[in-house]
Amino acid sequence: MNFYERAALVCEQIPKGKTATYGQIALLCGKPKNARQVGYALNRGLAGDAPAHRVVNAKGILSGAASFATPNLQKQMLEQEGVKVTWTEDGWRVDLKKDGWKNTMEDALWLRNEFDARDI
DNA sequence: CATCTGACAGAGA
DNA sequence: GTCTCTGCCAGAT
Numbered sequence: 001m002n003f004y005e006r007a008a009l010v011c012e013q014i015p016k017g018k019t020a021t022y023g024q025i026a027l028l029c030g031k032p033k034n035a036r037q038v039g040y041a042l043n044r045g046l047a048g049d050a051p052a053h054r055v056v057n058a059k060g061i062l063s064g065a066a067s068f069a070t071p072n073l074q075k076q077m078l079e080q081e082g083v084k085v086t087w088t089e090d091g092w093r094v095d096l097k098k099d100g101w102k103n104t105m106e107d108a109l110w111l112r113n114e115f116d117a118r119d120i
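Just so you know, we're using UniProt numbering here: the first sequence kicks off at 1 and counts up by one.
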């Protein structure tokens, strides 16, 4: 099973206008403890064309390492999708209560099937 | 091999 | 809500 391929697939399922956390991605990939690897994957572009801008840490902070063309690009893209991004002491933050991706059982089942179908 | 690092998270105070 | 401490694990050195 390839964790990175899974991570990419999961990221692609994040609905537009919603955000998911690294831990959430890791969980859906079947590796609850690999949150850091999710970040690593996105950082290294190992997640293909997955929408990395919709992935934030557990606090909703845009961790913003520079795999974006310009600083604040992540923020811009999120706002473009209707996500409210506010500045805080810690940096740009989204409201996970409002714009966080709520996984449904169907999302999980769908993913399970895809993983199985693609043997990853 | 041993260590260190990091787009992280959870538990406890 | 905050802050600190600990566990994680793939990659790099």
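Please keep in mind that the hints were generated in silico from the structure rather than gathered at the bench. From a predicted model like this one, the values you see are computed outputs, not experimental measurements. Careful, some of the hints might be misleading.
[To be verified] Derived CB-CB ranges, DEER-like:
{"id": "1", "residue 1": "15", "residue 2": "112", "range": "13 to 21 Å"}
{"id": "2", "residue 1": "72", "residue 2": "15", "range": "20 to 28 Å"}
{"id": "3", "residue 1": "98", "residue 2": "64", "range": "18 to 26 Å"}
{"id": "4", "residue 1": "110", "residue 2": "23", "range": "15 to 23 Å"}
[What the hints assert, rightly or not] SDA-like mimics (lysine to any residue), calculated; alpha carbons at most 20 Å apart, straight line:
{"id": "5", "residue 1": "16", "residue 2": "96"}
{"id": "6", "residue 1": "84", "residue 2": "64"}
{"id": "7", "residue 1": "16", "residue 2": "104"}
{"id": "8", "residue 1": "31", "residue 2": "2"}
{"id": "9", "residue 1": "31", "residue 2": "97"}
{"id": "10", "residue 1": "102", "residue 2": "79"}
{"id": "11", "residue 1": "31", "residue 2": "79"}
{"id": "12", "residue 1": "59", "residue 2": "39"}
{"id": "13", "residue 1": "102", "residue 2": "43"}
{"id": "14", "residue 1": "16", "residue 2": "97"}
{"id": "15", "residue 1": "97", "residue 2": "63"}
{"id": "16", "residue 1": "16", "residue 2": "64"}
{"id": "17", "residue 1": "31", "residue 2": "91"}
{"id": "18", "residue 1": "102", "residue 2": "12"}
{"id": "19", "residue 1": "97", "residue 2": "80"}
{"id": "20", "residue 1": "16", "residue 2": "117"}
{"id": "21", "residue 1": "31", "residue 2": "17"}
{"id": "22", "residue 1": "84", "residue 2": "97"}
{"id": "23", "residue 1": "16", "residue 2": "116"}
{"id": "24", "residue 1": "33", "residue 2": "103"}
{"id": "25", "residue 1": "31", "residue 2": "117"}
{"id": "26", "residue 1": "16", "residue 2": "49"}
{"id": "27", "residue 1": "16", "residue 2": "120"}
{"id": "28", "residue 1": "18", "residue 2": "103"}
{"id": "29", "residue 1": "102", "residue 2": "23"}
{"id": "30", "residue 1": "98", "residue 2": "77"}
{"id": "31", "residue 1": "18", "residue 2": "76"}
{"id": "32", "residue 1": "33", "residue 2": "91"}
{"id": "33", "residue 1": "59", "residue 2": "98"}
{"id": "34", "residue 1": "16", "residue 2": "73"}
{"id": "35", "residue 1": "33", "residue 2": "17"}
{"id": "36", "residue 1": "18", "residue 2": "117"}
{"id": "37", "residue 1": "31", "residue 2": "64"}
Beta carbons are placed, not taken as given, at the ideal position from N, Cα and C, and that holds for glycine.
Verification of the supplied hints:
A C-beta distance of roughly 18 Å is found between residue 15 and residue 112, which places it inside the suggested range of 13 to 21 Å. Between residue 72 and residue 15 the Cβ separation comes to about 22 Å, which falls inside the hinted range of 20 to 28 Å. The given range of 18 to 26 Å is respected by residue 98 and residue 64, whose C-beta atoms sit roughly 20 Å from each other. Checked against the hint of 15 to 23 Å, the C-beta distance between residue 110 and residue 23 comes to roughly 20 Å, which is consistent with it.
This hinted pair checks out: residue 16 and residue 96 have alpha carbons roughly 14 Å apart, not beyond 20 Å. Restraint check for residue 84 and residue 64: the C-alpha separation of about 16 Å stays at or below 20 Å, so the hint holds. As the CA atoms of residue 16 and residue 104 are separated by approximately 16 Å, the hinted pair is consistent with the 20 Å bound. Restraint check for residue 31 and residue 2: satisfied, since their Cα atoms lie roughly 11 Å apart, inside the 20 Å limit.
Straight-line distance between C-alpha atoms of residue 31 and residue 97 comes to about 24 Å, which puts the hinted pair past the 20 Å bound. A hinted pair counts as satisfied when its Cα atoms are at most 20 Å apart, and residue 102 with residue 79 qualifies at roughly 19 Å. Between residue 31 and residue 79, the direct Cα distance comes to roughly 30 Å. Violation of the 20 Å bound is thereby established for this hinted pair. For the proposed pair residue 59 and residue 39, the alpha carbon gap of about 15 Å is at most 20 Å, so the pair holds.
Using a Cα cut-off of 20 Å, the hinted pair residue 102 and residue 43 is violated, with the two alpha carbons roughly 24 Å apart. In summary, the hint linking residue 16 to residue 97 is supported, as the alpha carbons are separated by about 16 Å, within the 20 Å threshold. For the given pair, residue 97 sits about 18 Å from residue 63 by alpha-carbon distance, which is consistent with the 20 Å threshold. This hinted pair checks out: residue 16 and residue 64 have alpha carbons roughly 19 Å apart, not beyond 20 Å.
The straight-line distance between the Cα atoms of residue 31 and residue 91 is roughly 28 Å, outside the 20 Å bound, and the hint therefore fails. About 15 Å separates the Cα atoms of residue 102 and residue 12, which keeps this hinted pair within 20 Å; it holds. Simply put, residue 97 and residue 80 have alpha-carbon atoms about 19 Å apart, close enough for the 20 Å limit, and the pair holds. Distance hint between residue 16 and residue 117 is unfulfilled; the C-alpha atoms sit about 25 Å from each other, more than 20 Å.
Our distance criterion of 20 Å between C-alpha atoms is broken by residue 31 and residue 17, whose separation comes to about 25 Å. Distance check on the hinted pair: residue 84 and residue 97 sit about 11 Å apart at the alpha-carbon level, within 20 Å; holds. Proposed proximity of residue 16 and residue 116 is contradicted: the alpha carbons are some 25 Å apart, above 20 Å. Between residue 33 and residue 103 the alpha-carbon distance is near 18 Å, which keeps this suggested pair within the 20 Å criterion.
At roughly 19 Å between alpha-carbon atoms, residue 31 and residue 117 fall within 20 Å of each other, so this suggested pair holds. At roughly 14 Å between alpha-carbon atoms, residue 16 and residue 49 fall within 20 Å of each other, so this suggested pair holds. Annotation: proposed proximity of residue 16 to residue 120 is violated, straight-line Cα distance about 25 Å (limit 20 Å). With a C-alpha separation of about 11 Å, the suggested pair residue 18 and residue 103 falls inside the 20 Å cut-off, and the hint holds.
Taking the CA atoms of residue 102 and residue 23, the gap is about 13 Å. The hint holds against a cut of 20 Å. Restraint check for residue 98 and residue 77: the C-alpha separation of about 17 Å stays at or below 20 Å, so the hint holds. Using a Cα cut-off of 20 Å, the hinted pair residue 18 and residue 76 holds, with the two alpha carbons roughly 14 Å apart. Between residue 33 and residue 91, the direct Cα distance comes to roughly 25 Å. Violation of the 20 Å bound is thereby established for this hinted pair.
A hinted pair counts as satisfied when its Cα atoms are at most 20 Å apart, and residue 59 with residue 98 qualifies at roughly 13 Å. Distance hint between residue 16 and residue 73 is fulfilled; the C-alpha atoms sit about 16 Å from each other, no more than 20 Å. About 26 Å separates the Cα atoms of residue 33 and residue 17, which puts this hinted pair outside 20 Å; it is violated. The straight-line distance between the Cα atoms of residue 18 and residue 117 is roughly 26 Å, outside the 20 Å bound, and the hint therefore fails.
Taken as a hint, the residue 31 and residue 64 pair is broken in the structure, with Cα atoms around 23 Å apart against an allowance of 20 Å.
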